[in-house]
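Protein sequences, first through last, are from chains A and B.
In terms of the working numbering, the first sequence opens at residue 1 and continues consecutively.
In terms of the working numbering, the second sequence opens at residue 1 and continues consecutively.
Hints may be right or wrong, so weigh each one.
[Stated by the list, open to error] Straight line, CA to CA, 30 Å or less: simulated DSS-like cross-link-like pairs of lysine-lysine:
1. A:Lys15 / B:Lys74
2. B:Lys31 / A:Lys86
3. B:Lys71 / B:Lys51
4. B:Lys32 / A:Lys183
5. A:Lys186 / B:Lys7
6. A:Lys124 / A:Lys183
7. A:Lys171 / B:Lys31
8. B:Lys44 / A:Lys34
9. A:Lys124 / A:Lys46
These are computed hints drawn from the structure, not numbers from a lab.
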Amino acid sequence: MKTKIKYSDKELIAKFQGGDEFAYNELVNRYKDKLINFVYSYFGSKDDAQDIVQETFIKLYQKKDYYKPISEFSTWIYTIAANISKTELRKRKRRKTSSLSELGIEDKDFDIRYEDDTDSEILKQFNQKALNKAIQSLDLPFRTAFILRDIQELSYDDISKITGVPLGTIKSRINRARIQLQKMLKEVYNNRR
Amino acid sequence: MNCYTFKDKISEYLENKLSINEINFYENHKKKCNDCSDTHHGVKNIIELSKNLDKVFLPSDFNSQLFLKLKNNKDNILKRNFFGYKPQYLIGSFFASLIIFIIIFNLSENKDSNILDFQSTTQNSYINKNDSNLLLTNDAIKDSILDSIDKKIKIDNFLNSNAKTVDYIP
Numbered sequence: 001m002k003t004k005i006k007y008s009d010k011e012l013i014a015k016f017q018g019g020d021e022f023a024y025n026e027l028v029n030r031y032k033d034k035l036i037n038f039v040y041s042y043f044g045s046k047d048d049a050q051d052i053v054q055e056t057f058i059k060l061y062q063k064k065d066y067y068k069p070i071s072e073f074s075t076w077i078y079t080i081a082a083n084i085s086k087t088e089l090r091k092r093k094r095r096k097t098s099s100l101s102e103l104g105i106e107d108k109d110f111d112i113r114y115e116d117d118t119d120s121e122i123l124k125q126f127n128q129k130a131l132n133k134a135i136q137s138l139d140l141p142f143r144t145a146f147i148l149r150d151i152q153e154l155s156y157d158d159i160s161k162i163t164g165v166p167l168g169t170i171k172s173r174i175n176r177a178r179i180q181l182q183k184m185l186k187e188v189y190n191n192r193r
Numbered sequence: 001m002n003c004y005t006f007k008d009k010i011s012e013y014l015e016n017k018l019s020i021n022e023i024n025f026y027e028n029h030k031k032k033c034n035d036c037s038d039t040h041h042g043v044k045n046i047i048e049l050s051k052n053l054d055k056v057f058l059p060s061d062f063n064s065q066l067f068l069k070l071k072n073n074k075d076n077i078l079k080r081n082f083f084g085y086k087p088q089y090l091i092g093s094f095f096a097s098l099i100i101f102i103i104i105f106n107l108s109e110n111k112d113s114n115i116l117d118f119q120s121t122t123q124n125s126y127i128n129k130n131d132s133n134l135l136l137t138n139d140a141i142k143d144s145i146l147d148s149i150d151k152k153i154k155i156d157n158f159l160n161s162n163a164k165t166v167d168y169i170p
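So that you can see chain A by itself, here it is in the shape it has in the complex (with noise of 0.2 Å):
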């Protein structure tokens, strides 16, 4: 019988570094949906994280060399992905952020009534969806330690080493971020009494 061994990512690329593509398919799997919850929180639309998320493993596939394992292969990659979602967010025009005062009454995926006991998926909806529409709205840097920490569950240490931002101003980062989210979902809220 044959027991599969499990390798951790460090071997993996070691292995792919060596030729062997199966280990490259191996970490693709491990990593594609994480990177995709993290890049969709910077960019809010699947088609255009998805086009990330590829190009993200393209560039492993081409840079494989490049790793050292100094550092951790998650730190890496989430490094990479996190590049290449900042230079194509500066690629783009800036759009006008939508009001999310706004959100309630515009918003047309959703027939919000001003009742309180509003279906409760409905309102889980609402939330996720005000939720994400305001950290896109956050500057760049403190969205990136927010959905590093809060949706991608990373350490302090971690993100500090993804970003290259000394460990002090990442937590203070995240606070701030905290924060001003708290004060625009409450905007949200207000509105929609």
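Put chain B on the given structure of chain A with help from the hints.
Frame of chain A; chain B shown alone:
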């Protein structure tokens, strides 16, 4: 503890990173300040909401699309290469080499033509044996060669030795 310090400590409090003293100050301020209390609850909700955001998933054919794109990238790289070099570099190198070749060729041609001019001038020059002065018909040599008596003598001797073979037809 003031409101500014309180807001600075919200995340640390929620992540249980404050000391006992700090927790006491924090909770006391929260009881007294409605605005800070609202902010505390708002941040707590944000953290909860973020953890429970619906996950996004890639389509089932993502891997096959990715490998197809990698294969296309490889093929494109091979097509763009010409003897292992990108065409733009090859063309650039070719033109650079051509320019250098033209410059060198021109320089060597000028040198040769100067020598030829000198030879043709000496052939065409009119020399009076009894006259130490040389009359040269070629304007190119007139101004430069004969500025010293030594040069005059050398040419005179040269021409005398070749007098039979050279036809001095001005």
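Restraint check for B:Lys32 with A:Lys183, where alpha carbons must lie at most 30 Å apart: With a Cα-Cα distance of about 20 Å, the restraint between B:Lys32 and A:Lys183 holds, given a limit of 30 Å.
Compare the distance between the alpha carbons of A:Lys124 and A:Lys46 with 30 Å, and conclude whether the hinted pair is satisfied. With Cα atoms ~19 Å apart, A:Lys124 and A:Lys46 stay inside 30 Å; holds.
Within 30 Å, alpha carbon to alpha carbon, are A:Lys15 and B:Lys74? Satisfied, since the Cα-Cα distance of roughly 21 Å is no more than 30 Å.
Does B:Lys7 lie within 30 Å of A:Lys186 when you go C-alpha to C-alpha? Distance ~16 Å between A:Lys186 and B:Lys7 Cα, so the pair holds.
Within 30 Å, alpha carbon to alpha carbon, are B:Lys44 and A:Lys34? The hint holds at about 24 Å.
Verify the proposed pairing of B:Lys71 with B:Lys51, using a straight-line Cα cut of 30 Å. The hint is violated at about 37 Å.
Holds or violated: B:Lys31 with A:Lys86, Cα cutoff 30 Å? 41 Å, violated
Below or equal to 30 Å on CA atoms is what counts here, so check A:Lys124 against A:Lys183. 18 Å, holds
Can the restraint linking A:Lys171 and B:Lys31 be considered satisfied, given a maximum Cα separation of 30 Å? 25 Å, holds
Hints 2 and 3, counting from the list given before, are not met by this structure.
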